[in-house]
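Heads up: the protein sequence lines correspond to chains A and B, in order.
Just so we're aligned, residue 163 is where the first sequence starts under this note's numbering, counting upward by one.
Just so we're aligned, residue 163 is where the second sequence starts under this note's numbering, counting upward by one.
Treat the hints with care, since some could be wrong.
Copies of one chain are not kept apart here, so a pair can be met inside one copy or by any two copies together.
Calculated lysine to any residue pairs in the SDA-like style (CA-CA distance at most 25 Å, straight line) [as the list claims (entries may be wrong)]:
id, residue 1, residue 2
1, Lys553, Gln218
2, Lys553, Leu220
3, Lys250, Gln456
4, Lys553, Pro260
Just so you know, these hints were derived from the structure itself, not from any lab.
2 protein chains.
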Amino acid sequence: MIRTLAIEVPHKLNEKVFLQGWVYNLRPIGKLCFLVLRDRSGTVQAVLYDRADLAQQLREESVIELVGYVRRDERAPNGCEVLISDLKILSTPPEALPIQINRPRAALNTRLETLLEHRVLGLRHPEIGAIFRVQAELVHGFREFLTHEGFLEVHTPKIVASGTEGGTELFPVQYFDRTAYLAQSPQFYKQMLVGAGFERVFEVGPVYRAEPHSTTRHLNEYISLDIEMGFIESEQDLLALEARLLRHIFARVRERCARELAIYSATVPDVPDKIPQITLAEAQEILQERFNKQNAGDLDPESERLLCRYAQEELGCELLFVTHYPREKRPMYAMPDPEDPTLTRSFDLLYKGLEITTGGQRIHRYEMLVESIRGRGLDPKNFEFYLEVFKCGMPPHGGFAIGAERLTMQLLNLANVREASFFPRDRTRLTP
Amino acid sequence: MIRTLAIEVPHKLNEKVFLQGWVYNLRPIGKLCFLVLRDRSGTVQAVLYDRADLAQQLREESVIELVGYVRRDERAPNGCEVLISDLKILSTPPEALPIQINRPRAALNTRLETLLEHRVLGLRHPEIGAIFRVQAELVHGFREFLTHEGFLEVHTPKIVASGTEGGTELFPVQYFDRTAYLAQSPQFYKQMLVGAGFERVFEVGPVYRAEPHSTTRHLNEYISLDIEMGFIESEQDLLALEARLLRHIFARVRERCARELAIYSATVPDVPDKIPQITLAEAQEILQERFNKQNAGDLDPESERLLCRYAQEELGCELLFVTHYPREKRPMYAMPDPEDPTLTRSFDLLYKGLEITTGGQRIHRYEMLVESIRGRGLDPKNFEFYLEVFKCGMPPHGGFAIGAERLTMQLLNLANVREASFFPRDRTRLTP
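Using the sequences and the hints given, assemble the complete structure.
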């Protein structure tokens, strides 16, 4: 018999159906045993009549399959229920479960720590699982837009000989008899592939940051949505691309994830043709004048929140580009601003008070790049494999990266980025 | 002015166009300078008239942009050429290039070793770049089919606490003050996510094998196309799924990569509804009786080639499933065959003489799995984070993985799997 998903049951009134899934809820009342079956599509109520032998063997989270008849029942959640004619238990938890998940999330009364410890069970909670359906659509939207724009999807190595910044915050890997590192980003490789003639490339893959601090915004392994593009005129081409990209991604999520967005009271932002942008210097002025906040240079988390409050109140947008970071705050490959070479053609994108993107135009001239590397006290010899492409004819280019978990977190108003990673890796967490 | 791609030029006869790209070929003849411009779409001939000043500055692989007028020219490769009115050099190689790429691949006369050393330049060769356009379509087809079948795309950590097989062939990672490892496969995590209620998941991501040997079929880091699926009846559901999946993937490549396939004289296989399957015992019998080859247990590369020759000649198919591997040849999570518990419900898929897939049904009962772990001399305590899901109600399930580079290699008849990886990692290669 062909399987029916829970979500399809209301369309099968008066039909015989075959269902498979988990027992989400169990309520024996006399000769009746009501159960809610949960599968990947949702839940449906079913009722077992006069089968105490079977009902006794059922537990919450037992895996079952059943055959039954769909009948209208106004009291059931979907206006219908399945009268079970045949039920088979495929597997049953041998002991009590560490978390009882068939309650509203707010009633779970379980710390995030515990939910992550028992992650697989936690993910069964429909509200928690919903996060990853949204994330999959965000990533799908990212790929769909870029493929349509002539970008090639690439996969670059995560085991690398050296870091993009020269060795800090890298995880060492023992690679046979040598020490290698986990890539902090596909930065060098995506640039090289632009120069390899593909011009426009994107990658969805893991990146690694050996940052020892533990915050609600950082993961040590996360999914980076990376873009690099040749033949740009300035970083403004990238800002325009990201606005169009985000509009496409958000439109897809709005269309396909209404239920999931509702769970989190999340509103998909309207992305204007031109997302507001301010320079870092202007940002610091605003922070001082409007919020009386002195700022040394970097934008701290509070500054990011204040700037987004400003953007929302004054510019009517939840998104804000901050541009023109000084050279010493950006990597050696950042293109200096021709109008003020102490600054760079770089940007961050803030969304609801959090940086979700870093990007910019890159240096494409060999001599300038070598000089920039030396200026950081680094040895160009260590970057030879990267530098070669700049001796082979490199177009003006640039790109950016979006953190997939941060984008998910901000869209769904999650309190901790770990909630947007299936199996988060942090300072203390290597399992599950 | 809006950019025209090389491939679009023939449709712009008598129009003014703006092109950007690399100088693929340069041929000055008196006052004329013929050049072939290459961009991400292909090549087009252009001609510069009476501008010795500019022509002198051009080099092969210079990056240029030009404005010109498209005119018919029967002698030009596409039946048309661009008469240049304006040309700007964006960047020029400062020195001679290590490889001259504007010749047919066969005439390159360059060892693979050298091509990989100067990978970025090599990738500009249209025949080499074509490999990755095919690969991107293979991966796109994989995702498209599975998304349509209700599979969720997931991303699981590559930094793991222990190997799926207990510690062999793993790359150690220094993870803060602990030793972690690079994941050999997302095996545990994809199973856990089936059990987390997503039922059907897939992942496209890197996997790591610290195998010290150097062959034409192995990479130490490669892209694995992974699938896991709940509520299967046996491994036969997986074999049927893979046949449909491959048919979809190959149809997409056939439709979109005619040019690339022609370069490699590659024929996309017709995948039958049911790909032929033989048991490992039958395979060994065939090897002995037909090819007079004794075989100890594992299929060596020659055996894989001979079996595919047999499949092609006797069964009319380039693909062949080999099933029922013995337990000691399969990991601890492989489901024993109920009819002969010394065997497993596992399979490999051979394609043109090479294994491109390993898969099978997995054990879903906690007690059986713990026993199987102990049977390997391993300690279940080391797998606690994995075992938990089996105590929470786990459906019968299974899955498989396809090596993206191997699939590309076999389809395009490449001699070495390194050719199908942008930046291959092997025993001696960490750069580029």
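For each hint, the structure was consulted:
no.	hint	in the structure
1	Lys553 x Gln218	between (74 Å within a copy, 18 Å between copies)
2	Lys553 x Leu220	between (69 Å within a copy, 14 Å between copies)
3	Lys250 x Gln456	neither (66 Å within a copy, 46 Å between copies)
4	Lys553 x Pro260	between (59 Å within a copy, 10 Å between copies)
Violated hints amount to a single one, hint 3; each of the other numbered hints is respected by the structure.
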